[in-house]
Each structure stands twice: as structure tokens, then as C-alpha cells.
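Using the sequences and the hints given, assemble the complete structure.
For the record, the sequence lines run as chains A and B.
Everything in the first sequence is counted per this note's numbering, starting at 107 for the first residue and increasing by one.
Everything in the second sequence is counted per this note's numbering, starting at 45 for the first residue and increasing by one.
None of the hints are false.
What the simulated footprint calls covered on chain A by chain B, stretch by stretch (three residues with Cβ under 8 Å from a Cβ of chain B suffice, anywhere in the stretch; the number is not a length):
(1) 251 to 259
(2) 382 to 391
Pair ranges (Cβ atoms, derived):
(3) B:L115 x A:T171: 31 to 41 Å
(4) B:Q54 x A:A242: 33 to 43 Å
(5) B:Q54 x A:I193: 52 to 62 Å
(6) A:A239 x B:P64: 15 to 25 Å
The hints are simulated quantities; they were obtained by calculation from the structure and are not laboratory data.
Glycine is no exception: its CB is placed at the ideal position from the N, C-alpha and C atoms.
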Amino acid sequence: MLQAVPAPPLLDVKDLTVQIDTRRGPLLAIDHISFHIARGEILGIVGESGAGKSLTGAAIINLLTPPIRRIQGEISLQGARIDGLSIQAMRELRGKKIGMIFQDPLTSLDPLATIAQQLIETLRAHLPLSPSAARARAIGLLREVGIPAPEQRIDAYPHAFSGGMRQRVVIALALAAEPELIIADEPTTALDVSVQAQIIELLKALCAQRGASIMLITHDMGVIAETADRVAVMYAGRIVEIGPVAQIIQSPRHPYTQGLMGAIPSLGADRTRLTQISGAMPRLTALPEGCAFAPRCTKAMALCQTQRPSLTPHEQGAAACFLLEGATV
Amino acid sequence: MSDPFIEINQLSKDFDVSPPALERWIERSPRRILHAVDKVSFHITRGETFALVGESGSGKSTIGRMAVGLLSPTNGDVKLDHQSLFRSDAAHTQAMRRRIQMIFQDPYASLNPRWRTGSIIAEPLRVFNPRQPKPEQIEAIARLLEKVGLSPVDALKFPHEFSGGQRQRIAIARALAANPDFIVCDEPTSALDVSVQAQILNLMRDLQEQFGLTYLLISHNLAVVRHMARRIGVIYLGRLVEVADASQLFNNPRHPYTRMLLAAVPDIQKIGAGRTTRMEGEVPNPINPPSGCHFHPRCPLASTRCTQEAPELIDGVACHAVARPA
Ligand SMILES: Nc1ncnc2c1ncn2[C@@H]1O[C@H](COP(=O)(O)OP(=O)(O)OP(=O)(O)O)[C@@H](O)[C@H]1O
Ligand SMILES: Nc1ncnc2c1ncn2[C@@H]1O[C@H](COP(=O)(O)OP(=O)(O)OP(=O)(O)O)[C@@H](O)[C@H]1O
Ligand code: SF4
Ligand SMILES: [Mg+2]
Ligand SMILES: [Mg+2]
Chain A
107 MLQAVPAPPL
117 LDVKDLTVQI
127 DTRRGPLLAI
137 DHISFHIARG
147 EILGIVGESG
157 AGKSLTGAAI
167 INLLTPPIRR
177 IQGEISLQGA
187 RIDGLSIQAM
197 RELRGKKIGM
207 IFQDPLTSLD
217 PLATIAQQLI
227 ETLRAHLPLS
237 PSAARARAIG
247 LLREVGIPAP
257 EQRIDAYPHA
267 FSGGMRQRVV
277 IALALAAEPE
287 LIIADEPTTA
297 LDVSVQAQII
307 ELLKALCAQR
317 GASIMLITHD
327 MGVIAETADR
337 VAVMYAGRIV
347 EIGPVAQIIQ
357 SPRHPYTQGL
367 MGAIPSLGAD
377 RTRLTQISGA
387 MPRLTALPEG
397 CAFAPRCTKA
407 MALCQTQRPS
417 LTPHEQGAAA
427 CFLLEGATV
Chain B
45 MSDPFIEINQ
55 LSKDFDVSPP
65 ALERWIERSP
75 RRILHAVDKV
85 SFHITRGETF
95 ALVGESGSGK
105 STIGRMAVGL
115 LSPTNGDVKL
125 DHQSLFRSDA
135 AHTQAMRRRI
145 QMIFQDPYAS
155 LNPRWRTGSI
165 IAEPLRVFNP
175 RQPKPEQIEA
185 IARLLEKVGL
195 SPVDALKFPH
205 EFSGGQRQRI
215 AIARALAANP
225 DFIVCDEPTS
235 ALDVSVQAQI
245 LNLMRDLQEQ
255 FGLTYLLISH
265 NLAVVRHMAR
275 RIGVIYLGRL
285 VEVADASQLF
295 NNPRHPYTRM
305 LLAAVPDIQK
315 IGAGRTTRME
325 GEVPNPINPP
335 SGCHFHPRCP
345 LASTRCTQEA
355 PELIDGVACH
365 AVARPA
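What follows is the structure in C-alpha cells.
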């Protein structure tokens with residue numbers, strides 16, 4: 107430890123609440139979630155499809171558009187509030203201090219501009235570089251994300267790149283301005299294991315060498331296991347469990363996290379049926395009164411149907427389940 | 045039993061990736077041709093799942109797009125039920141198209157943003173069964189939505205109102221609506237979280253059993269492939285380097301590249317640890333690939349012969365060093 111006084115975390119999110127306005131009334135897409143990310147730390151975010159992972163990322167960088175809006179919550183970067191920033195100030199922050207890798211690589215690229223044009227424009231918007239220096243840097247970035255012979259491919263349009271190559275261009279764009287925080291939404295889903303390993307190593311090196319922090323949204327528990335320091339598990343707009351990666355994987359406390367671990371296909375087994383958590387996550391329009399996981403939970407008690415468990419700390423992390431508060435049937 | 049339903053025969057695709065003509069002339073540089081797919085042959089038995097694995101950019105999606113007739117090959121042919129997909133009469137093509145569907149790698153780009161989910165799914169229904177009465181059609185849409193884990197009321201929403209995983213389920217529902225025989229699934233679950241992935245994979249298998257569907261599955265996730273496929277083809281820089289039964293490929297991989305690929309799989313047992321085996325060497329340039337066997341610069345078994353002569357696919361493996369049964 108170099109400092110006596112603990113520095114504020116790089117990112118601090120308190121009580122973030124996001125609402126979607128619909129004709130039939132407001133829906134609570136994100137329900138009072140709080141977490142922080144330390145400098146140099148990788149926080150993994152996992153959870154059911156539709157749980158609100160991408161919306162959480164979008165809310166942090168103020169990219170929500172109507173009918174979706176943040177109705178509550180404080181977001182601080184390096185101790186300074188960023189939730190009230192003007193559109194202009196926020197735009198400068200994005201790209202420069204916060205790099206964003208969106209879930210859909212194709213829509214984040216302009217189909218009518220070459221890869222070179224897009225990278226050079228982003229680089230020059232944030233760093234004082236001449237056009238030729240920016241081009242050299244762009245080629246270097248493409249090489250870092252594993253595009254072979256980047257000097258021959260950089261002038262191509264996005265459609266001439268494979269799915270995984272486009273995803274890597276998006277990663278290169280997010281890293282271009284050397285941001286402090288990277289919000290990566292499913293950055294490696296379209297990538298095969300070898301390129302994935304290369305990207306993961308690149309992200310880890312950014313954290314170790316530059317002290318950058320990463321919010322890593324992914325459903326790939328293998329990637330989480332190899333990269334994340336801590337993991338937050340989301341379900342129906344809330345964090346249901348958070349803790350160090352080893353605890354989440356080896357001794358998950360929340361029944362949903364336990365089910366999630368069972369659903370992972372493993373390399374050891376042949377064509378068998380995967381364990382699946384029966385049923386589906388409730389729709390935002392029909393959130394149950396009690397614990398949102400109760401309808402699918404094998405351990406649900408009467409209490410779970412009527413009351414919401416809150417995130418209760420234990421020795422290593424925290425989980426939102428009545429079983430952990432000592433309730434019995 | 046062994047009657048091939050899908051036959052991929054010496055399939056090749058070249059892309060011209062030259063700089064613009066003027067620039068090429070000024071710099072006196074030659075044309076650049078990218079051999080995305082190079083003489084690939086395999087077949088799929090009816091009702092079977094064949095999987096293609098390989099590095100990003102190795103040509104998997106290009107093969108998939110040719111297998112559904114969306115892209116015409118530079119050379120070679122694709123046959124379904126002994127009939128070529130690439131005959132020039134339109135009526136024939138139209139009839140074949142109906143039997144083949146594709147689930148695309150990018151669920152965002154493949155759904156029309158201005159259409160409601162219901163219309164997106166109804167489109168193949170209308171083609172397939174134009175005289176179906178409206179109420180029955182609505183019911184069919186509702187059933188398909190429920191099959192993929194969505195709800196009938198979702199028919200009224202637009203694609204942007206769904207999360208990434210939910211959109212992929214819409215794409216799957218649309219593919220199923222055409223009642224196809226053969227579906228090319230390009231990374232069908234890579235946008236899905238594991239619990240939904242398990243549901244979709246189980247669903248795909250149930251549908252296969254129910255309707256005798258044949259799948260070409262493209263995935264970089266080896267665990268998914270192992271779970272789904274009976275046979276697997278491994279692609280390296282546009283060439284098929286190994287074809288084997290799934291259990292054989294995983295228990296006894298023969299090609300050096302396949303072995304490297306299996307060793308590089310991330311594992312939830314390896315918390316915080318780096319990968320024990322990393323892929324050695326740089327990914328080669330597909331425009332100017334290594335001579336002989338494309339894999340030789342990264343191969344631990346390479347000999348001088350490998351730098352000069354491309355190995356043929358014999359007995360399921362294309363490698364000079366792998367011992368063959370006499
Ligand atoms: N524009 C919108 N209008 C209405 N509902 C929306 C909109 N965008 C998102 N939602 C809903 O908000 C919820 C959370 O979506 P989000 O994209 O954050 O999910 P996610 O956790 O990222 O899921 P995935 O893993 O599938 O990407 C989902 O139920 C989704 O249907
Ligand atoms: N329209 C095109 N013009 C030029 N090159 C192309 C075109 N389409 C694909 N390519 C090139 O062909 C090669 C193979 O691409 P393909 O999309 O088949 O790869 P893939 O195996 O599906 O990869 P991924 O796993 O990343 O999706 C890549 O080098 C790609 O850049
Ligand atoms: S042919 Fe030679 S270089 Fe190619 S995989 Fe076999 S041993 Fe390695
Ligand atoms: Mg998402
Ligand atoms: Mg592809």
C-alpha cells in the first residue's frame with residue numbers, strides 16, 4: 107500500500123435505478139444496484155439474458171435514450187460525480203476516459219467508412235497525432251488485437267471482415283484513446299479460443315501496466331474465471347450475488363448462481379442434455395412481489411413469495427437470498 | 045443411412061481484396077486475392093449435425109453462406125438431396141431456398157428494425173403457407189415464440205426492444221417458421237448467456253429429433269460443438285485439415301492444429317491462471333498464406349516437406365506427419 111488514505115474507487119455506482127416508460131406504465135429495468143470497481147480491477151458482470159447487464163453499462167456512460175432513463179443513482183469516476191454531466195462533457199469523457207465495447211460489433215462500425223478512416227478519426231479526436239502517425243498507431247492497434255497483416259487489411263470496409271475480425275476492430279476503437287475505464291459488453295463472444303486468449307491477455311495487461319479498470323459483461327464463465335477479480339451476478343434488474351471470482355465459481359451462495367454453474371456445457375461430456383434452470387426469467391411487466399427468482403427456485407420458501415431478499419454480506423461477498431439470512435422452511 | 049443429404053464438393057471462394065485500380069497502377073502492386081475457402085469437401089447425413097470449427101477468419105461463415113446459396117462459389121458445388129444449389133433456373137432456386145434456412149452470426153443485423161417481431165416471423169410462414177388463415181398464423185407465431193422461450197405478446201414489439209440474447213431467439217424462431225430440412229447455424233448461441241444457451245441447444249436437439257432436421261453448426265465454442273455434433277470438421281485458413289466423429293476428435297485429435305485448439309480452451313477450473321497451453325506463433329496472413337501446409341510456421345511437427353507441399357486430406361486428416369493406418 108502506497109497511501110494511508112484509501113483512494114476512491116475508480117468507478118462507484120450507488121443505487122442506480124433505470125426505468126422504461128411504456129404506454130402501460132413504467133417498468134423497472136434496473137432496481138437500485140450498487141457496486142464499485144477499484145483501479146486496476148476487472149469486475150465481471152454475468153447473468154440471465156435480459157437481466158439488465160447492457161443497460162447498466164449504458165446507464166454509466168449516460169447513453170440511455172427514451173423511453174429508457176435513469177431515475178435514481180449516483181455514478182462517480184475517480185471520486186467525481188459524472189451522472190449530471192452535460193452532453194458535451196459526457197461525450198468527451200466517453201472515448202477519452204471511458205472506452206466502450208458494445209455488444210453488437212456490426213452496428214458500432216460505420217459500413218460506409220473503411221476501418222482505417224474509423225480508427226484514425228477516433229485516434230485524432232482524442233490524441234494529438236498527425237494523420238500519418240495516427241495511421242501507424244491504427245495499424246499497431248489492429249496488430250495488438252490479432253488482425254494478421256493489418257497494413258494490407260486496414261483500408262477494407264467492415265463487410266470484408268469476418269464476424270470475429272469486426273469484433274476486434276471494435277475493441278481496437280475502444281482502446282484507441284487509452285481510457286481509464288473500459289466497459290466491455292460481450293467483447294469476445296464471436297471469437298475463437300486462440301484470439302480470445304489474445305484479447306484477454308491484452309485486457310489484463312492494460313489493467314496491470316496502466317492501472318486501467320474493466321467492467322466485463324459476458325456470459326462466458328471460462329472467460330470470467332480467467333480474467334475477473336470479482337464477479338457480480340444479475341437477475342431481473344438486480345444484483346443477486348457479488349464476490350471474488352473463486353467464491354462465485356466454486357461455492358456460489360445464491361440458488362440462481364448455483365443453477366448457472368450447472369448449465370455450462372463442459373468439454374468432458376458427450377452429447378448429453380444440459381442441466382437447465384426450468385422456466386424463464388420473469389418479464390419486466392410481471393415481476394413477482396417477492397424474490398424474482400422464486401418461481402424457478404427449487405429451494406423457495408413461503409417467505410420468498412411475498413418479500414424481497416436484500417443483498418446480505420457474508421465473509422467473502424454478498425448474496426440476496428433468504429436462505430443466507432438464516433431463514434428455514 | 046450413409047446416403048449423403050448435403051454434399052459439399054471441392055468448394056472454393058476467392059475474394060478480390062486489391063486496392064483500387066488507380067492506386068495499384070501507381071504503386072505497381074499486383075492484384076491481391078484472398079482464398080477464403082480452398083477446395084473444401086464434406087457431406088452431412090440426413091438428420092445429423094455436422095460442426096465446423098476454426099479460428100476467426102478461417103472461412104467458416106463463407107462456407108455457411110455458400111451452403112445456403114447466399115453466396116456463389118468460385119469453384120465447386122453444394123448439393124442438397126443430390127440437386128445442385130447453383131443451377132441457373134430461378135424456380136428451382138426458389139424451391140431449394142425454402143428447404144434451407146440460416147441463423148446468422150449477427151442477430152442485430154439480420155432482423156429488420158422496422159418490422160414488429162410478429163411480421164418478422166410471419167414472413168417465412170407466408171412464403172411457406174400463403175393460404176393459412178390469419179388466426180392460425182397468429183397462433184403459429186405465438187407457438188414459435190414460446191418454443192424459443194419468448195412470450196406471445198412479444199410479437200408486437202420491435203427488435204430494439206429486446207436484449208441481445210432475446211433477439212437471437214427471434215432469429216431462431218424465424219428460421220424454424222419456414223419448416224426447413226436443413227439449417228445452417230452460424231454461432232447460434234454465442235450471444236446468449238449459458239442458461240439460455242442450454243435451453244436453445246436442448247431445443248435445437250429436440251426439434252432435430254422431432255422433424256429430422258439436418259444442421260451445419262458453425263461455432264468457435266468447442267464445448268457447444270461437442271455437445272451438439274456427431275461429426276466435426278476443422279478449418280485452418282480456408283482448408284479442411286481434419287474431419288472426424290465428435291468423440292474421436294475430442295479423445296484422439298490427430299492434426300497438430302486440432303490438438304493445439306483443444307489445449308487452448310478456457311476452463312472454469314483455471315481461475316485466475318493463465319492458459320497452460322497458448323497458441324504458438326502469429327496468425328498468418330490469409331492474403332499471402334504460408335507455402336505448403338498453411339500451418340507449418342506454427343507446427344511443432346513441421347518438416348521441410350511441409351513447407352513445400354500441401355498435404356491432402358486422406359482418411360480424415362491433412363498432415364504429412366500424422367501416422368496413417370497402413
Ligand atoms: N428500448 C427498449 N424498450 C423496451 N425494453 C427494453 C429496451 N431495451 C432493453 N429493454 C429491456 O430491458 C431489459 C434489460 O435489457 P439488457 O439489454 O440490459 O439485457 P442484458 O442483460 O444485456 O441481456 P443479454 O445478455 O441478452 O444481452 C430486457 O428485458 C429488455 O427487453
Ligand atoms: N465480402 C468479402 N470481401 C473480402 N473479403 C472477405 C469477404 N467476406 C469474407 N472475407 C474474408 O474471408 C475470410 C474468411 O471470412 P469468414 O467470415 O468466412 O470467417 P469466419 O471463419 O466465419 O470467421 P469468424 O469466426 O471471425 O466469424 C476473412 O479473412 C475475411 O476477411
Ligand atoms: S503437414 Fe507438416 S506442418 Fe502441416 S500440420 Fe502436418 S506436420 Fe504440421
Ligand atoms: Mg446485453
Ligand atoms: Mg463467421
